[in-house]
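K.L.:
Residues per chain are reported as follows:
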Amino acid sequence: MDHLAVVPIILPMFCGALLLLAGPRRLRLKRILGLLATLLQLPLAILLMGQATGGLQVYAAGNWAPPFGIVLVVDHLAALMLLVSAVLAAAAMLYAVRGNDALGAHFHALFQFQLMGINGAFLTGDLFNLFVFFEILLIASYALLLHGTGSARVRSGLHYVVLNLFGSALFLIAVGTLYGVLGTLNMADLSQRVAQLAPADIPLVGAAAMLLLVVFGLKAAVFPLYFWLPRAYAAATPPVAALFAIMTKVGIYSILRVYTQIFGESAAGPLAQLADAWLWPAGLLTLVLGSIGALAASTLNGLVAYLLLVSVGTLLAGLAMNSHAALVGSLFYLVHSTWICGALFLLAGVLSRCRGWRFVGRLVPGPALPRPTLFGGLFFLAAISVIGLPPLSGFVGKLLLLRAAGTGIAAAWFYSLLLGSGLLALIAMSRAGTTLFWRIDPAAPPGEPLDRVRLLAAVALLLCSPLLVVFAEPLLGYLDATAAQLLEPSGYTRQVLGGRGR
Amino acid sequence: MELLYALTLGVLTMSGVYLMLRARTFPVVVGLTLISYAVNLFLFAMGRLHTGMPPVIGQVAAHTDPLPQALVLTAIVIGFGMTAFSLVLALRAQGELDNDHVDGRGGQ
Chain A
8 MDHLAVVPII LPMFCGALLL LAGPRRLRLK RILGLLATLL QLPLAILLMG
58 QATGGLQVYA AGNWAPPFGI VLVVDHLAAL MLLVSAVLAA AAMLYAVRGN
108 DALGAHFHAL FQFQLMGING AFLTGDLFNL FVFFEILLIA SYALLLHGTG
158 SARVRSGLHY VVLNLFGSAL FLIAVGTLYG VLGTLNMADL SQRVAQLAPA
208 DIPLVGAAAM LLLVVFGLKA AVFPLYFWLP RAYAAATPPV AALFAIMTKV
258 GIYSILRVYT QIFGESAAGP LAQLADAWLW PAGLLTLVLG SIGALAASTL
308 NGLVAYLLLV SVGTLLAGLA MNSHAALVGS LFYLVHSTWI CGALFLLAGV
358 LSRCRGWRFV GRLVPGPALP RPTLFGGLFF LAAISVIGLP PLSGFVGKLL
408 LLRAAGTGIA AAWFYSLLLG SGLLALIAMS RAGTTLFWRI DPAAPPGEPL
458 DRVRLLAAVA LLLCSPLLVV FAEPLLGYLD ATAAQLLEPS GYTRQVLGGR
508 GR
Chain B
203 MELLYALTLG VLTMSGVYLM LRARTFPVVV GLTLISYAVN LFLFAMGRLH
253 TGMPPVIGQV AAHTDPLPQA LVLTAIVIGF GMTAFSLVLA LRAQGELDND
303 HVDGRGGQ
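One line per chain: the protein sequences are A and B, in this order. If you're matching positions, the first sequence starts at 8 in my numbering and goes up one per residue. If you're matching positions, the second sequence starts at 203 in my numbering and goes up one per residue.
A portion of the hints provided could be inaccurate.
[Unchecked claim] The calculated label-pair distances, taken between Cβ atoms and stated as ranges, are: (1) A/PRO452 <-> B/GLY283: 17 to 27 Å; (2) B/GLY283 <-> A/LEU457: 33 to 43 Å; (3) A/PHE21 <-> B/LEU209: 44 to 54 Å.
[What the hints assert, rightly or not] Interface residues of chain B toward chain A, partial, derived using beta-carbon atoms under 8 Å: (4) LEU223; (5) PRO229; (6) VAL230; (7) SER238; (8) LEU245; (9) MET248; (10) HIS265; (11) PRO270; (12) ALA277; (13) SER288; (14) LEU291; (15) ARG294; (16) ASP302; (17) ASP305.
What the hints contain is simulated information worked out from the structure, not anything from laboratory work. Glycine included, C-beta positions come from ideal geometry on N, C-alpha and C.
Could you put together the complete structure from these sequences and hints?
P.N.:
Written out as structure tokens, the structure is:
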């Protein structure tokens with residue numbers, strides 16, 4: 008067995024350490040190294056995706072056979088998430104090297120550590136290591152969020168840090184309880200033992216499972232745990248906010264992993280499909296509140312942050328439907344929403360710079376923009392994609408989800424709320440667009456000139472949306488296999504526990 | 203011993219939650235620290251409480267489970283780093299916002 012599975016974690020770790028050694032100066036060197044390391048993630052993710060289609064890969068660190076050692080598992084879902092984060096990170100990095108990285112001394116090192124945490128969380132096959140990688144990505148994200156100065160950033164950063172530290176405590180309690188009852192933390196082993204659980208132990212394991220749901224819900228920003236997100240994301244610098252678009256998806260990934268593979272259909276008694284009853288109302292409420300927030304947002308960044316929340320709600324409602332078709336739709340929507348929200352954050356950054364420091368992203372009449380047709384066109388494309396109008400990827404994602412909802416009272420709720428939220432998003436984006444492009448204050452001083460590289464980063468990410476439509480068929484084939492793998496956890500268990508290491 | 207241990211955890215967590223709800227940065231950080239102590243003790247207890255049983259196989263007749271101890275060690279290191287970071291952040295917030303309210307609002 009080869010070592011490719013561990014490279015997405017090792018590479019950013021070593022590059023991050025090297026970048027720390029480079030000291031506060033030598034920005035040029037750090038930019039080249041940081042950009043190279045981030046771009047390298049792309050071919051790596053594609054290679055791993057190719058491996059995953061050939062079959063599930065298990066990497067046992069130090070050749071300690073599972074369930075005793077630390078395992079990394081590359082399955083369809085993990086490889087897909089690696090690709091999503093690699094594309095997003097490449098665009099964010101391209102944007103950042105144009106100056107956002109010079110605001111603090113260690114931007115590039117922190118960026119690499121953040122990538123290490125994200126990739127590790129996707130790859131790990133062990134609940135405690137999931138905690139460790141969560142902490143790595145969180146501590147890097149705390150520092151990245153506060154990157155540059157500003158009292159808004161410090162204030163929202165404080166909320167973010169305290170909430171997540173409390174979340175970590177809950178995570179540890181849940182992990183401890185699971186270990187105390189079941190005697191293992193390996194996900195495949197857990198899945199097996201939860202299926203054969205003695206009735207006396209069910210309440211305790213159920214409590215731990217619900218605690219885990221609270222923790223993942225906090226990371227994913229689900230109602231009622233989302234209040235930290237809009238302020239924190241709106242205050243972050245554009246490349247950091249774009250990278251953070253994957254952070255809520257890490258929470259959703261964990262929910263997907265734990266509640267389909269450990270507490271899925273095979274789990275004992277009332278533990279089976281434990282999360283669905285909670286995810287459905289929570290997801291729909293997040294969807295509604297996110298849409299209302301988008302209408303009320305007073306800045307472009309705040310608007311995008313609320314649209315991110317809408318996507319989280321949509322995804323969780325899709326996961327709660329718990330059918331093969333709904334899972335495929337949710338995964339497609341996950342890829343689409345991560346990239347398009349990242350692109351919108353970057354585009355908002357470029358727009359804010361062109362409007363000057365006095366107006367930035369505030370939705371008030373400001374100076375005329377340098378290239379109104381180009382900017383207007385890009386904003387329009389991004390808007391119809393994020394709202395879910397044809398012909399871009401948001402439409403395909405929503406269509407798949409709506410078709411999966413079927414008929415019945417639950418589908419009626421889902422249809423009306425999803426389409427209603429689309430309408431609210433349409434109104435919010437139109438209002439933002441008209442204010443930005445048409446309501447011009449002639450007395451306002453012009454902002455900075457257009458930065459082509461920054462715009463290129465935003466456009467590259469934006470182009471992923473039509474590409475997702477063009478390559479929808481192979482992608483849907485892959486997602487089909489992913490959903491099949493997720494809904495059949497016994498195959499995962501057998502391969503992880505049966506494959507004896509390298 | 204189990205009862206005493208459980209009571210200790212309960213009191214620690216209770217005090218921690220109370221302090222976290224104080225809405226001033228310093229009590230919040232102390233509250234987080236107390237909660238992380240409680241969590242670490244809880245993790246340790248998940249290997250069951252024994253006396254005179256080292257976590258080494260072969261040295262003595264009965265050995266205790268070494269894994270919770272390894273988990274606690276990791277959790278302590280992480281918790282320590284996080285506490286240090288939140289202290290620095292609290293100081294920075296105090297300097298930047300001129301007061302120690304968690305919302306940065308000031309007042310009483």
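K.L.:
Indicate, hint by hint, whether the structure satisfies it.
P.N.:
To see whether the hints hold, each was checked on the structure:
no., hint, in the structure
1, A/PRO452 <-> B/GLY283: 17 to 27 Å, "violated (45 Å)"
2, B/GLY283 <-> A/LEU457: 33 to 43 Å, "holds (41 Å)"
3, A/PHE21 <-> B/LEU209: 44 to 54 Å, "holds (47 Å)"
4, LEU223, "violated (11 Å)"
5, PRO229, "violated (11 Å)"
6, VAL230, "holds (6 Å)"
7, SER238, "holds (6 Å)"
8, LEU245, "holds (4 Å)"
9, MET248, "holds (4 Å)"
10, HIS265, "violated (15 Å)"
11, PRO270, "holds (7 Å)"
12, ALA277, "holds (6 Å)"
13, SER288, "holds (6 Å)"
14, LEU291, "holds (6 Å)"
15, ARG294, "holds (6 Å)"
16, ASP302, "violated (10 Å)"
17, ASP305, "holds (7 Å)"
Of the numbered hints given earlier, the model fails hints 1, 4, 5, 10 and 16; all others are met.
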